[in-house]
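Counting along the sequence shown from 1, when you hit position 222 you're at 222 in the numbering used here, and nothing is skipped either side.
Incorrect hints may appear among the rest.
Unchecked claim - For lysine-lysine, the following DSBU-like pairs were computed, each having C-alpha atoms within a straight-line distance of at most 35 Å:
#1 Lys64 - Lys146
#2 Lys123 - Lys31
#3 Lys300 - Lys146
#4 Lys64 - Lys31
#5 Lys64 - Lys123
#6 Lys123 - Lys146
To be verified - With beta-carbon atoms standing in for the labels, derived distance ranges:
#7 Ala319 - Ala241: 22 to 28 Å
#8 Ser306 - Pro261: 14 to 20 Å
#9 Val74 - Arg143: 25 to 31 Å
#10 Val215 - Gly139: 39 to 45 Å
#11 Ala264 - Ala319: 27 to 33 Å
#12 Ser306 - Thr266: 27 to 33 Å
If you're looking for bench data, these hints aren't it; they were derived computationally from the structure.
Heads up, the beta-carbon is just placed ideally off N, CA and C, and yes, glycines get one too.
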Amino acid sequence: MRSQQLEAIVLSALDRLRAGQPLEDDRIELKREWPLPDRPRQLAGAANRANGEPMIYIIGVDEKTGDVVHPGDVDPATWWSQLSSRFDEVHPELLLHLNIPVGEGGSVVAMLFGTDRAPYVVKAPSGGAVEREVPMRDGTRTRSIKRNELVRMLAAQVSIPPAQILDAELTLTRSTYSAALSLSGFATIFLEHTEERNLLLPLHRCAGRVTLGDVDHDADLALFGFPSRDYPAPTYGVYAAGDGIVATGPGSIRVRIEARPTDALTEETAEASSATLRLDLGVAGTRRALTLHCELRAEKRPRPVSVTEQTLASWTYSA
């Protein structure tokens with residue numbers, strides 16, 4: 001994950017909180033203050049719950065209101081050195097650490113952790129009968145892991161590959177016949193799949209969301225270029241199949257985005273200076289989804305789409 005992607009995820013999470021909407025990703029942890037460096041259970045529990053997928057700490061934000069607060073004067077390097085020492089042998093990997101401005105002079109701290117070496121074991125406080133524990137995050141609390149959860153964690157897991165949106169475009173149009181508004185576009189996704197076995201992203205578990213202003217628009221995804229007798233599927237790469245996206249190696253694929261018609265889609269939507277795109281791509285063999293974000297900027301001169309549609313606005317993104 002790049003710095004821009006992490007920043008977009010954090011800003012989107014804060015926007016949802018301020019709008020009174022719940023976070024939809026349980027891999028994001030909000031902290032008003034820096035966690036105490038001698039109490040690693042929460043981080044270990046969240047990392048064990050993520051089990052191979054990246055997780056994010058956002059420090060300096062009220063989890064109920066989304067208000068930015070001062071988390072205290074803490075040196076992140078010292079804090080991490082102390083906290084990581086409380087793990088037994090292996091700790092989550094700190095992949096990225098950013099200070100993210102959020103307006104009006106405020107900022108939050110974002111920390112991206114890798115969890116691909118789960119399960120994580122923490123050392124119990126000295127003096128107790130129990131020396132070590134495998135914690136598990138369960139909603140808003142952290143408890144000891146159950147046997148069946150540990151068995152599943154240790155079993156072979158489907159690896160979710162790194163991925164990013166290479167480019168995207170969204171266009172708001174009005175039909176010249178019915179005056180109906182529609183929001184559609186495309187995104188090019190790169191999957192860095194390097195595992196030996198093939199990966200399937202089932203289309204029925206893939207969805208999108210476009211945020212324009214303070215309004216979310218749910219979107220359906222469709223695929224282009226299915227293999228045929230004249231154009232067979234590649235033996236190595238990423239391609240569209242009848243039931244989803246297949247990855248046999250690294251590669252890119254373009255998906256179509258079609259927002260579902262709602263009354264919230266109005267001509268005022270065209271005035272938005274930016275749009276946030278979120279793609280949730282389910283992965284066969286795991287309950288988790290590959291979640292991607294990008295922020296698109298309004299084009300000053302939107303290009304026409306067709307003679308039957310009037311282009312009101314368009315937004316584009318390029319990595």
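ask   = Which of the listed hints are broken here?
value = Hints 3, 10, 12 not satisfied by this model.
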